[in-house]
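Each chain, letter by letter, is given below.
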Amino acid sequence: MITTQLKYFLSFGIFFSIFSCSDEPVNPQSNYSEILKTETNQVIILTYYDLNEKAGLLSVRCDEFSSNKTQAHLDLMRQLWRDARKPWEQSEGFLFGPVDIQGIDPSIDSWPVNVIDLDAVLASSDPLTKEYLDGLEGTLKGFHTLEYLLFGIDGNKSVQEFTDRQIEYLKACAQSLKGETNKLHTAWISGPSPYGTILKTAGEPSNQVYLSQKSALQELLDGIITIADEVGNGKINDPFVTNNITLEESRFSANSKQDFADNIRSIQNIYFGSTDGNYNLNSLSGLIKTKDAALDSKIINQIQEAITAIINIPGTFTEAISANRAAVQNAQDQVRQLQLILESELKPLFDKL
Amino acid sequence: MKIQLPRIGPYFIKIAVLSSMLFGSVGLQVLNAQTDSTPLKSESFNQLTQKLDFEAYGIINYHAFNWQLFPDKRNEIDFSQAVIGLDYQISDRWKFTSELEFEHGGTGVALEFDPLEEFGEFEYEVEKGGEIWLEEFNLSYQWFKNHAISFGRVKLPFGLASFYDEPTEYLGTSYNQLENTILPSNWTEFGILVNGKFGKHFNYSLGMVNALDGSGFNSANFIKRGNQRRFETVKIEDIAGVLRLDYEFQKDQLFGISFYSGNSRNNRPKPDLNVNALVSLAEFHTYFKFKTFSIKSMALFGHLQNSELLSLANRNLSNNLNVKRTPVGKQAAGFNAEFALKPLALFTNMNTKELYVFSSFDYFDTHQKTEGSIFNNPRWKRHIWTFGINYFPTKWLVFKSQFENQRLGISEKKFQRTFSMGFAFNFS
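Chains as they are written, first to last, in my numbering: chain A, 1 to 353; chain H, 1 to 428.
Extracted from the complex, chain H is given alone in its bound form:
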């Protein structure tokens, strides 16, 4: 008889690393800065409000569709996003950050009809707690002048959308399609994040967070739906690491890279995959904003280990789990570039209201490579051109309109044309 010893090793290491980061590094700093904390009750209401930072933003869009593959797609109005953010500067060094997001304007269970990926099956999209959720909820501690550590539900420092996520910060009616398709929207996870500056121009972020759940991966969106939102609690059997480095010439002029790596096997709802499924992502981004024009661009590369076995395991998942179960690519890759012009700024005296004209191009393929017997479906190779206008009557309000032409990598019925317009606000 062979006695199976419990797998204490890897768990112990995970717990030890997390605990030492949380209680060791931070704890020491807390002890050193005991005098820093001021009791709340002694503060007057005015002092309290000075320390509170309130923000609210949202966007409502109208979409008119002309999709060849899905001619019956109905026009829609979508309350895509409404976010209330509340930050509180607890003391000089401690800060609390929260963001409550109302997606699609409500709570509950949304019934989705997805004719493109599953060709006509209704599906219930259940997101934890309906579609109101705490996007961010974390505490941060500034341990040195330019370095802080955050823990709780933190925004993942990956890609452009995580830094320019407010509708007044991006020009389209949604984020760029590359990120919107492949990465979790408003990507936040539980974990610890260290960020800060060094040298004159470098910004960095380094984090450890709960990893993705591979049962949510699919053909059309690669790892996007692996962001755990289905269950009441988030599994943290696997931990992911994330690193970001930016070189900032000056404000709004930078280029940088970020990496993400984490297994997606052990955070699945059931232990039904017996090989590792490491997700590795890398991206390079640039953002240059000048007086009359701006350029934003990124290139993204993703790799999934054992994608064939993961796809086969997903195929046997219960219908009740509401996952796509479609074959997942081994590699996904894409590129995005956006060029925006401020025509009124060319005539300096007419620059009182801001008007942007922009054009962007996205190319991405979520089946850049497939593994083994998985069919490399050309439908997932997408080219998208977008043209649009943004008008800011005030800096808190923007009216947007755009035309998007998406071409799928198939020989017929390949065009998906969408006209969108909407308005967004940001009070902060």
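Extracted from the complex, chain A is given alone in its bound form:
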């Protein structure tokens, strides 16, 4: 009898202790689905939509080029190249998902251009079509091959310098780029499991990619840290410390400063949850503000410092490597400072979410 009473007593005790454990108040801040929705729809998909549209415009103009071989048309194509380059560089803060898994990145942005093989392809008699370019290595297509063809090695290629084969190549290359940007945009919005839905439904039982919302947020954070590292310690550092302009990525178009600034803007876009420079409540910034308002201000400030320092480098980046080394050094320092804050202050805070 006593033992039976003891059993009941113990059972009650266990029952009570289980329920008292689960009785803790649910943290209202631990549901991040609105943030993930904003980042996906307002930043990532919007950026890829913009990229796809602009790659389409460039492709249309390149198609017209053989019948309209004027300097004005060439200048227009160059501008359209810069326009398309902008959303691409602004997407480099989130180089995860289809762009990585489906191997799309190398087809869009391989660097440097493989001039040796490009000359060999131009010298061959193979028909230059989109399908043919699709089959080539990444270093023979994408943004930088287009840049090389449009601007020339010194950035001053004239209309007369274009051969018929180069025009064929240019057209196919722009079509191939458009094909890739379309594939990328589509992979986020449609198909049996659009990646946008995967990111937005992080933590739901059916989600096999992100088992928790926290892991999705960490993917976003890792993305912006990676690009800060790449700009500071790769894109700026390599040509700068070796004083070697051939290591500068967008040299032919003198677009490097714009590239770097857009890379930092990709950090800003993810951090603000918008692409227009305005702060969105459901964003990483909104989340951090509730945890550590001082850190939030510090990050916003440092993003701006880095962008300003890059833009303020006098002349082109190519010239500045030797003529304005202090300005380049300052830009690099500001980007590295941003990376440091993201890694040493923001990341630990994320780990505690």
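Be aware that a few hints might be false.
Which stretches of chain H does chain A cover? Using the computed rule of at least three CB atoms under 8 Å from a CB of chain A, they are [to be verified]:
id, segment
1, 169 to 179
2, 310 to 324
Derived BS3-like pairs: lysine-lysine, alpha-carbon spacing no greater than 25 Å straight-line [what the hints assert, rightly or not]:
id, chain 1, residue 1, chain 2, residue 2
3, H, Lys381, H, Lys51
4, H, Lys270, A, Lys183
5, H, Lys413, H, Lys381
6, H, Lys251, H, Lys200
7, H, Lys197, H, Lys251
8, H, Lys353, H, Lys289
9, H, Lys369, A, Lys130
10, H, Lys291, H, Lys342
11, H, Lys413, A, Lys157
If you're looking for bench data, these hints aren't it; they were derived computationally from the structure. In this text, all values refer to a predicted model and were calculated from it rather than measured experimentally. For every residue, glycine included, the Cβ atom is placed at its ideal position computed from N, Cα and C.
Given chain A's structure and the hints, the job is docking chain H onto it.
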């Protein structure tokens, strides 16, 4: 509604063939030779060591590069190979063979910078378990006097390098470039191998092994990187057959042929290719060693079915897979010949230390033919001349040096000149 029946047929055949070879043929012999096995515990330490065969070999090389296409290539020292081999004669008929290889002297993940194929992308080269791996691990059973069956991870009987793979057996600082470029280095696979002799002069090998994984194929190396090493387990959805036949006049004088054939579609990490991709390889080799000189040569031909569709499927592979994703040739072909002289042997009384002077020529093209819209890149047509010296102060130790001039099939920046020297040891 159409009901899809499981594809039991092909699997069943594969399993049946493998099982019957393993348990049928060997099993019968085992039953017949029950008396053959002696329990280990009754043996003394001396008897044990008599049955153990220990071998260790390795090579360290220094390379100085002068490559026109890649002028910034830095000089290197590479601990290319260190192998510990342990064989144990379990009984008169059963033998265990193992080789543990330490590649590049360590474990872990190696960061590669490949400017030639991908023009400047960093890549992590991850090999299973770092770069220490069990190259060979098999049991063999001698079923008749001159015939044995091996199973486990076996050395593939294809080409010259598989038979002359120790640094004291080849004269360059690495194997000949033809094999080194196109075939998996130290090519071993899981499977069953039967080998032996017939007649007075014939040696044969016949095997069934796991096939290659086509996601690793690329422009520069054809099928080399299809040898499955990336994942913890090896896929065996596709099986390859291999056959080798040698006519041996006497020791170290032979010529022979070998064939390899296997699909590379179903061992891919994902089922992302919907056509077959059969890899067919054939080679002819000769080796003649005389007192004062030797000649070694081989010709290799490779064919890949549906290479265009395979290349397009590879292009969509994840960056995380660390594969090249470059367009694969439909046909690869090449030729290699090496002539070596022992100048001291010309004066018989000076032959106490061995000195070899050698010269070799390699020609190969991994884009001998391409398919459909795949660009036939002339850069993959390579001519290589090598001159070198090998000096053996003892038969276990060799000092090597060589100069290699490689010419790529492009019109400018086509020369890649490499000076190498190193030393190798072999204790057995």
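What hints, given by number in increasing order, does this structure fail? 1 and 3
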